[in-house]
Amino acid sequence: MAPPSVNSGDTAAAAATGEKSKLSPSGLPIREIPGGYGVPFFSPLRDRLDYFYFQGAEEFFRSRVARHGGATVLRVNMPPGPFISGDPRVVALLDARSFRVLLDDSMVDKADTLDGTYMPSLALFGGHRPLAFLDAADPRHAKIKRVVIGLAAARMHHVAPAFRAAFAAMFDAVDAGLIAGGARVEFNKLNMRYMLDFTCAALFGGAPPSKAMGDAAVTKAVKWLIFQLHPLASKVVKPWPLEDLLLHTFRLPPFLVRREYADLTAYFADAAAAVLDDAEKNHPGIPRDELLHNLVFVAIFNAYGGFKIFLPHIVKWLARAGPELHAKLASEVRAAAPAAGGEITISAVDKEMPLVKSVVWEALRMNPPVEFQYGRARRDMVVESHDAAYEVRKGEMLFGYQPLATRDERVFDRAGEFVADRFIAGAARPLLEHVVWSNGPETGTPSEGNKQCPGKDMVVAVGRLMVAELFRRYDTFAADVEELPLEPVVTFTSLTRAAAAAAAAAAAGDGAARRGV
Numbered sequence: 410m411a412p413p414s415v416n417s418g419d420t421a422a423a424a425a426t427g428e429k430s431k432l433s434p435s436g437l438p439i440r441e442i443p444g445g446y447g448v449p450f451f452s453p454l455r456d457r458l459d460y461f462y463f464q465g466a467e468e469f470f471r472s473r474v475a476r477h478g479g480a481t482v483l484r485v486n487m488p489p490g491p492f493i494s495g496d497p498r499v500v501a502l503l504d505a506r507s508f509r510v511l512l513d514d515s516m517v518d519k520a521d522t523l524d525g526t527y528m529p530s531l532a533l534f535g536g537h538r539p540l541a542f543l544d545a546a547d548p549r550h551a552k553i554k555r556v557v558i559g560l561a562a563a564r565m566h567h568v569a570p571a572f573r574a575a576f577a578a579m580f581d582a583v584d585a586g587l588i589a590g591g592a593r594v595e596f597n598k599l600n601m602r603y604m605l606d607f608t609c610a611a612l613f614g615g616a617p618p619s620k621a622m623g624d625a626a627v628t629k630a631v632k633w634l635i636f637q638l639h640p641l642a643s644k645v646v647k648p649w650p651l652e653d654l655l656l657h658t659f660r661l662p663p664f665l666v667r668r669e670y671a672d673l674t675a676y677f678a679d680a681a682a683a684v685l686d687d688a689e690k691n692h693p694g695i696p697r698d699e700l701l702h703n704l705v706f707v708a709i710f711n712a713y714g715g716f717k718i719f720l721p722h723i724v725k726w727l728a729r730a731g732p733e734l735h736a737k738l739a740s741e742v743r744a745a746a747p748a749a750g751g752e753i754t755i756s757a758v759d760k761e762m763p764l765v766k767s768v769v770w771e772a773l774r775m776n777p778p779v780e781f782q783y784g785r786a787r788r789d790m791v792v793e794s795h796d797a798a799y800e801v802r803k804g805e806m807l808f809g810y811q812p813l814a815t816r817d818e819r820v821f822d823r824a825g826e827f828v829a830d831r832f833i834a835g836a837a838r839p840l841l842e843h844v845v846w847s848n849g850p851e852t853g854t855p856s857e858g859n860k861q862c863p864g865k866d867m868v869v870a871v872g873r874l875m876v877a878e879l880f881r882r883y884d885t886f887a888a889d890v891e892e893l894p895l896e897p898v899v900t901f902t903s904l905t906r907a908a909a910a911a912a913a914a915a916a917a918g919d920g921a922a923r924r925g926v
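Take 410 as the starting number for the sequence shown in my numbering and just add one per residue.
It is possible that some hints are incorrect.
[To be verified] Mimicking DSS-like on lysine-lysine, the simulated pairs with C-alpha atoms at most 27 Å apart in a straight line are: (1) Lys865 x Lys552; (2) Lys552 x Lys690; (3) Lys865 x Lys760.
[Said to hold, decoys possible] Simulated restraints, written as ranges between beta carbons of each label pair: (4) Ser740 x Asp789: 50 to 58 Å; (5) Pro747 x Pro662: 54 to 62 Å; (6) Val646 x Ala887: 25 to 33 Å; (7) Glu800 x Phe450: 26 to 34 Å; (8) Arg476 x Thr628: 40 to 48 Å.
I should point out that these hints are in silico values taken from the structure, not numbers from a laboratory.
These numbers were taken from a predicted model, which means no experiment stands behind them.
Beta carbons: idealized from backbone N, C-alpha and C, even for Gly.
Required output: the full structure, derived from the provided sequences and hints.
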């Protein structure tokens, strides 16, 4: 997908005629942004159908890059378009270099741009604008993010024990499903169920949602997410014309999810009471109700919603890699955390499991949990791709499709392939600058003054724990993968239990039988 090199013939011709070429500060030729928006209403509608149904997201962008001679900065319409989006027009940044503009808070304003060209109703958030929708320059951003960063740091030591419990319950269910005669067990459904309890246990402790709200807790959380994100969803309703009408044409009214959101808010008012009390005492200036609704958003949208997408992608890449990688991972994990009583800790993974760390970073590079970044230009500016520069006007919406930026062949060798050990070598750190799933480089640090994900370290830690726990328990596994727009559906077809883990499970079973359990 590399764009063409600068046409030196154009420069020579300009010099011969006395015309002075415009150059960027880096010496790149400044060109008009190719592409266009077409006929109002009709062109955005056609582009929406291409994006969701006729081409798919990646081909939608690749075909337009090819149409414009390899240019990776383009004018396009982005879904959902009419009637949900007031203005679908964006400048798309589709390579690693131009994408960096979206990570510079001095150049882009990210107020109300989380979901792109539309903003969900504030009625979905108790009438408050969550942190993710605030620009870094907004005074409320620093106040709320200070609390969230502090929460993530203070609870980090709870992550490994909480995940260990959730993983054990999840994979006990997988094993039971396969043993009971089922040839296939879907990972996504179990992940969706157990990761909500994990998220709340890791962040707040106390009774998990499944105990406090019953089995309906996951349904309520997912329904609330759907009401925010339905304009960007696809391939969930058949036939597709009906889906397009229901999900992409009009907003679902927030009152239809009011009761579910009230139940979620009531749960978090209790579960997060200590955090809210501490904030009232040590972080004055944030109304308790506003912070409560922010914590609901952080826990369910940012954390749980992220794990719901991210972990199936990790398992997908591991399944496709096969037994050779599995053997290497199992060896590394068991050397660092012996099966006989050894527990996997975040510190042990960080210090002694370089392959596990590399696998997770590579999964984040190949499939960032949030594929899009948006921001409005704060001023007139020049955006540079690898081979050209483009003038952007103040107020224009900039959009980045992250899977193309993080698979840029000008940055990564074998950019479109999952390379498990990519980030082990000594040259890994410069490459991590281009792993930007968290709205910032992997080498960066979230702060009150930037838009980088405050839970960045926790997300990476959970991915590493997933891989480490998987290969402490199993030697290898096989799974079928069905690619869908939001997350892949991963279905286990076999798991080979590690000898020590199998013996421990058998002993536990014998003990339970003797106790009459």
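Consistency of the hints with the structure:
no.	hint	in the structure
1	Lys865 x Lys552	18 Å, holds
2	Lys552 x Lys690	13 Å, holds
3	Lys865 x Lys760	18 Å, holds
4	Ser740 x Asp789: 50 to 58 Å	55 Å, holds
5	Pro747 x Pro662: 54 to 62 Å	55 Å, holds
6	Val646 x Ala887: 25 to 33 Å	31 Å, holds
7	Glu800 x Phe450: 26 to 34 Å	27 Å, holds
8	Arg476 x Thr628: 40 to 48 Å	43 Å, holds
This entry satisfies every hint, going by the numbered hints stated previously.
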